[in-house]
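Participant: Residue-level listing of the chains:
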Amino acid sequence: MPGRQVRLDQEIVTIVHRRRRELGFSATAPDGAVISELAREGMEARLEAKRKRERAALYADWAGERDLVEDTGVARRAAMRDGVA
Amino acid sequence: MAVRRGTHYRVPTFARALGLLVLTNDEWNEAPTLEVSGAIVYAEAGPGRMPIPGLPLHAGPLLRLPKEELAEAVVELSPDQLVVVEEAVSEILGLDAVLGDPPRAPVPRPGAIDYPRWSNIYYAGEPVGTPPERKRYLVVSHDPYNHALAGGICIRTTTSERRGGPTIPTLRDGTTRAVCVLPTFYATRSVAIRATRPAPPQLFMSDMITVAAGLREALALPERRPKG
Chain A
1 MPGRQVRLDQ EIVTIVHRRR RELGFSATAP DGAVISELAR EGMEARLEAK
51 RKRERAALYA DWAGERDLVE DTGVARRAAM RDGVA
Chain B
1 MAVRRGTHYR VPTFARALGL LVLTNDEWNE APTLEVSGAI VYAEAGPGRM
51 PIPGLPLHAG PLLRLPKEEL AEAVVELSPD QLVVVEEAVS EILGLDAVLG
101 DPPRAPVPRP GAIDYPRWSN IYYAGEPVGT PPERKRYLVV SHDPYNHALA
151 GGICIRTTTS ERRGGPTIPT LRDGTTRAVC VLPTFYATRS VAIRATRPAP
201 PQLFMSDMIT VAAGLREALA LPERRPKG
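These protein sequences, in sequence, are chains A and B.
Okay, so the first sequence: first residue is 1 according to my numbering, each after it adds one.
Okay, so the second sequence: first residue is 1 according to my numbering, each after it adds one.
With the rest of the complex left out, here is chain A (with noise of 0.2 Å):
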């Protein structure tokens, strides 16, 4: 289903025609195909700009913490044992 129309800022309009090159669009891609692919990488970035924020935060928050700790260097002592590294 083709999706609804949209009222678009003008300088969006001229900027997907005048840098569209630059964009990494061909001269030919339609301006729909050419705006959807750049809202999904807008909404993209946001989430995963997001997701960084979330875990630097969690992951500071265990600062000094000492639990999980105790088998550190297993994995690898075995993977030498074991002839993989």
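Bear in mind the hints are in silico, worked out from the structure with no lab data behind them.
Here the structure is a predicted model, which is why all the values come from computation and not from measurement.
All residues carry an ideal CB built from backbone N, CA and C; glycine is no exception.
Be aware that one or more of the hints could be misleading.
What the hints assert, rightly or not - Coverage of chain B stretches by chain A, computed from C-beta distances (three or more under 8 Å per stretch; other residues unrestricted):
#: 1; segment: 9-19
#: 2; segment: 154-164
Claimed, not checked - The following residues of chain A were derived to be distant from chain B, with all beta-carbon distances above 12 Å:
#: 3; residue: 13
#: 4; residue: 21
#: 5; residue: 29
#: 6; residue: 35
Once you've looked at the hints, dock chain B against the given chain A.
Facilitator: Frame of chain A, contents of chain B only:
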């Protein structure tokens, strides 16, 4: 030393390999965590190893390694080089199938079961802690890989309440957490496949979906976009 994802570091303690291509996400790498996970880097081709385009290097099984064992950075992979490794790791972990719509278990392997199996939990590695005990590991690589490599990619499970989040998700029982951020290869000989098994000995698909999502985020593996 700052550790960066997508970078190959020399590991002097290795006897048969050159180093490690770090794949854990950079927030984890930058945090005061003790270990990282990545693909073992070899100079030679071999089973389960993929050539890294443009470099005389091959990426092999994932390994969990103390940060302090990483020596100098040898090369930072370009996005085009890294994506080859990322796609291979995603395939080995069956992420596209498990996280597909509808979700599917990775293709099974008929025949004798003489290797650690996908979605099964085993005791693995040497005994650690006080009193010494072997830790529980969940196998996350698919069975054709596990058979071919005589071992599997595993992640630890824990009941520690201090960890959590998308890369150490809580499973359906509400208490077990899967440490998706540190996947590591264990050869079959280091996995107690014939001995007494932990309870439960296997996870259901709903938990494996949770684990697959955790692995994808922990290793920052790209979601494969449908073609067309």
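Participant: Next step is simple, just say for each hint if it's right about the structure.
Facilitator: So, going through the hints one by one against the coordinates:
no.	hint	verdict
1	9-19	holds (count 6)
2	154-164	holds (count 6)
3	13	holds (25 Å)
4	21	holds (20 Å)
5	29	holds (15 Å)
6	35	holds (17 Å)
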